[in-house]
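Participant: Per this note's numbering, the very first residue in the sequence shown carries number 1; after that it's consecutive.
Hints listed in this document are in silico derivations from the structure and should not be mistaken for laboratory results. No residue lacks a Cβ here, since even glycine has one placed at the ideal position from N, Cα and C. Do not take every clue at face value.
What follows is a list of derived Cβ distance ranges for each label pair [claimed, not checked]:
| hint | residue 1 | residue 2 | range |
| --- | --- | --- | --- |
| 1 | Ile589 | Gln453 | 47 to 55 Å |
| 2 | Ile229 | Leu657 | 18 to 26 Å |
| 3 | Gly358 | Gln453 | 40 to 48 Å |
Calculated pairs, EDC-like style, for lysine to aspartate or glutamate (alpha carbon to alpha carbon, straight line, at most 16 Å) [claimed, not checked]:
| hint | residue 1 | residue 2 |
| --- | --- | --- |
| 4 | Lys367 | Asp343 |
| 5 | Lys444 | Asp413 |
| 6 | Lys448 | Asp552 |
| 7 | Lys186 | Glu115 |
| 8 | Lys503 | Asp324 |
| 9 | Lys356 | Asp330 |
| 10 | Lys444 | Asp420 |
| 11 | Lys23 | Glu39 |
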Amino acid sequence: MNKRSKFVTKDIFKSSIKGAFLKLNPKYMIKNPVMFVVEIGFFICLLLSFFPSLFNDGASNSKVYNILVSIILFITLLFANFAESVAEGRGKAQAESLKKTKKDTMARLILDNGEETFISSNELKKGDIVLVKTGEIIPNDGEIIEGIASIDESAITGESAPVTKESGGDFCSVTGGTLVVSDWIKVKITSEPGESFLDKMISLVEGASRQKTPNEIALNTLLVSLTIIFLIVIITLYPIARYANVRIPISTLIALMVCLIPTTIGALLSAIGIAGMDRVTRFNVIAMSGKAVEACGDVDTMILDKTGTITFGNRLASDFINVDGVNKSDLIDYALISSLKDDTPEGKSTVELARKLGSKIDLEDYKDVTAVEFTASTKMSGVNLNSGVMIRKGSGEAIIKFVKEKGGVIPNDLDSKVEDISKLGGTPLVVCVDDIIYGIIYLKDTVKPGLRQRFERLRKIGIRTIMCTGDNPLTAATIAAEAGVDGYIAECKPEDKIEAIKKEQALGKIVAMTGDGTNDAPALAQADVGIAMNSGTTSAKEAANMVDLDSDPTKILEVIEIGKQLLITRGSLTTFSIANDIAKYFAIIPAIFTLAIPQMKVLNLMNLHSPSSAILSALIFNAIIIPFLIPLAMKGVKYEPMSASKMLGKNMLIYGLGGIICPFIGIKMIDILIFPLLGLLGI
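Please model the complete structure; the sequences and the hints are all you need to start from.
Facilitator: Have a look at this one:
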């Protein structure tokens, strides 16, 4: 998926304009009560445009005035619908690219008698077994039951590098629509036609199954309540004005109502929610619902696996520990030479660390050495020099046996140093040259760079991190301290993860976790936010409410921030919308009552030219502010880690104060521009 696509492409713009008109259908508009009230106001004003004396409240120029109000209200509705259509259009564009991936391919079905037959992928059923060879498309979701193959998942993940999948373990799951680029696999189909992971992705990206989240429903209820309150105020204002001999046109009251109800956030609310899911999707994470994205913003606790999330998972060289009587620089040099032909992560990291620590060995002098491969029986590897010298590295037991056979002496401090490394959860590789032991290569699971800083960012916004590991308590404590997590669970079993999640939830916390194995499925289902790896098992993906297509466990950190950004964006624009109303009070209220109550002129702080220009200026500003805020609703308010109180203060300052000041400037500028035009129209 293209993560850097334009904000609005030409095709999205065209479809959004069309969608803006189609969404004017009252059956659709009623889903957004605030904008539905605006639409009713538009129809009433439109009616008054043709029958200005319908309510016996107009003057000779009311027809033109009513037409202008109708046009502005109509534009307001179009801008609101356009915002939602743009958000949906971005998702639909992604869905179209996914649909191109989903093809009706031919599948090589293996029958019960072992024979093969070709059928359409649409005819496959759950439980069928298919054979997929090099260059063939995997016809549907499934799990590998035999074989090993490199699979190109770029059509779904956007990553060009093939991944290796094999039967057994937690990386046997394959997705329909991906390509086998080498070898062959037998796949047991795990989904029915039309219910594959790709089908679900398309449906979710299109927004067809997007449900309003609890916070969104709560905010919508608040907006409806405010709308009802202002409706009551407007309805009661009419007889009061008549009693005070103030003649207020119905269209003016409708304009007042539209300006006072929270139309700005009402117009953008749905777009903000859709855009939140869109941002997660563009980050190559598929959220099964908007609720999952929003829950990310409320997360209090993160449960993280150590291996693959906090650490690389490969044990890498961390230090060289020499035995008594041996120069450490000699140990470093021989450790490097022993690893020259070792292409494993351990061997490469040993060479890299030795170079970093200042080894002066010239690799050209050792290019012709003979490699000795590691085997399960010898438990060691190394090289033989042309001079006959044998340099080895391996387990303490194997090297001790090797040295003794050559008549060498075992250093007195070797056992204690090997034991110390083992207690820390590291792997000791003893290095010897013929019959002399020089010391130990300390291998350990290395913490990923930058994680300490990222965990610190999470701590600033009140999120607690807990590391789960199967290591002993001493090793767990060492890794936890190095990574900077807030807590850890050592010797952790699958049931311990569930217990930890339940314990946090019992305290009222929202919990997130990642996982990829079948044994992670119960915990993923229990967590409020469960992110499964696309490379993991089908059961893990079905239990989670998010799937990471890139299978990067650390991505949960970014997903949490996207969720936070969604909530901040909604709160910021709500604050801005409600603050807008304050300026509109000072524009419209004096305009309505100044003629009957001259003292009200003191409230005309903007010094607007006339009652008509004041009302129309406020109404125009109310409409045009919506498209100006669409990019912010789509991209989201910039997120910065900080405490809730600081965040509230910042948003109140920027969007609260800005929401008050901006309309004063905007309405005044519009008033200056339209007043001469209104004079020409006789209004």
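Participant: Would you mind marking each hint as holding or not holding in the structure?
Facilitator: Evaluation of the provided hints:
1. Ile589 to Gln453: 47 to 55 Å: 52 Å, holds
2. Ile229 to Leu657: 18 to 26 Å: 24 Å, holds
3. Gly358 to Gln453: 40 to 48 Å: 28 Å, violated
4. Lys367 to Asp343: 14 Å, holds
5. Lys444 to Asp413: 21 Å, violated
6. Lys448 to Asp552: 12 Å, holds
7. Lys186 to Glu115: Since the Cα atoms of Lys186 and Glu115 sit roughly 13 Å apart, the hinted pair holds (cutoff 16 Å).
8. Lys503 to Asp324: Violated: Lys503 and Asp324 sit about 49 Å apart, past 16 Å.
9. Lys356 to Asp330: 15 Å, holds
10. Lys444 to Asp420: This hinted pair holds, its Cα atoms lying about 13 Å apart.
11. Lys23 to Glu39: 11 Å, holds
Checked against the numbered hints listed earlier, the structure breaks hints 3, 5 and 8; every other hint is satisfied.
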